[in-house]
Amino acid sequence: KQEVTQIPAALSVPEGENLVLNCSFTDSAIYNLQWFRQDPGKGLTSLLLIQSSQREQTSGRLNASLDKSSGRSTLYIAASQPGDSATYLCAVQPSGNTPLVFGKGTRLSVIA
Amino acid sequence: DAGITQSPRHKVTETGTPVTLRCHQTENHRYMYWYRQDPGHGLRLIHYSYGVKDTDKGEVSDGYSVSRSKTEDFLLTLESATSSQTSVYFCAISASKTGSDEQYFGPGTRLTVT
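Chains as they are written, first to last, in our numbering: chain A, 135 to 246; chain B, 42 to 155.
In case anyone wonders, no lab produced these hints; they're calculated from the structure.
None of these values were measured; they are calculated from a predicted model.
Heads up, some of the hints might be wrong.
To be verified - Okay, derived cross-link-like pairs now, SDA-like style, lysine to any residue, Cα gap no bigger than 25 Å in a straight line:
| no. | chain 1 | residue 1 | chain 2 | residue 2 |
| --- | --- | --- | --- | --- |
| 1 | A | K176 | B | E68 |
| 2 | A | K135 | B | T96 |
| 3 | B | K94 | B | T112 |
Said to hold, decoys possible - Across the chosen pairs, the derived CB separations fall in these ranges:
| no. | chain 1 | residue 1 | chain 2 | residue 2 | range |
| --- | --- | --- | --- | --- | --- |
| 4 | A | N152 | B | K111 | 12 to 22 Å |
| 5 | B | T153 | A | T179 | 49 to 59 Å |
| 6 | B | D114 | A | P148 | 41 to 51 Å |
| 7 | B | K98 | A | T179 | 37 to 47 Å |
| 8 | A | T192 | B | G57 | 13 to 23 Å |
To be verified - Some chain A residues near chain B, calculated using beta-carbon distances under 10 Å:
| no. | residue |
| --- | --- |
| 9 | S162 |
| 10 | N166 |
| 11 | L178 |
| 12 | L183 |
| 13 | S187 |
| 14 | Y210 |
Note that CB positions come from ideal geometry on N, CA and C, so glycine has one too.
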């Protein structure tokens, strides 16, 4: 059974710092991996999707990498801002159109 | 937001009453999912659908049923609500038409069972 782990559960950093959020999964046979952002009391916003054949994806200040063989993904946030404060969720998709398996998230606080 | 709406957005109900949550999408996506989110558990799959009248169970399906009579609507029913079903419920679609299978989520329904 696929399991997804995100460490740390919470992280607090000063504004302007570059940071890395970690995601690990137990079964390397994945179809894709998706990173989401969730603000308190809100839904999930898709940030980046990495197909299994890809190594990384970038969107603005965000860069997500994927190492399937080691079962790891990282989300890099450059020059963090207070508006980046949210919970970040990692999810893997075992095969096409199958449901996602989620980690429990990392709660990020960026302090001005 | 991939045109996903959920109704109601908030509901308080009593133990033992039936409850139906609705997920509506406007873009004719084939795959739809219901998840629940609870502190300490994260998001867990309840049921999903791969087409009209085609559904399957997820990790936490006990006490829930679903129906999909039209492509655009996916209904989640709690036949007899229990306090353990107090949760935030999210509907999602898979944008399989784009070839990416990227999943998009609705705004959620906060359900409280008293």
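**Prompt:** Which numbered hints does this structure break?
**Reply:** 4, 5, 7, 8, 9, 13 and 14
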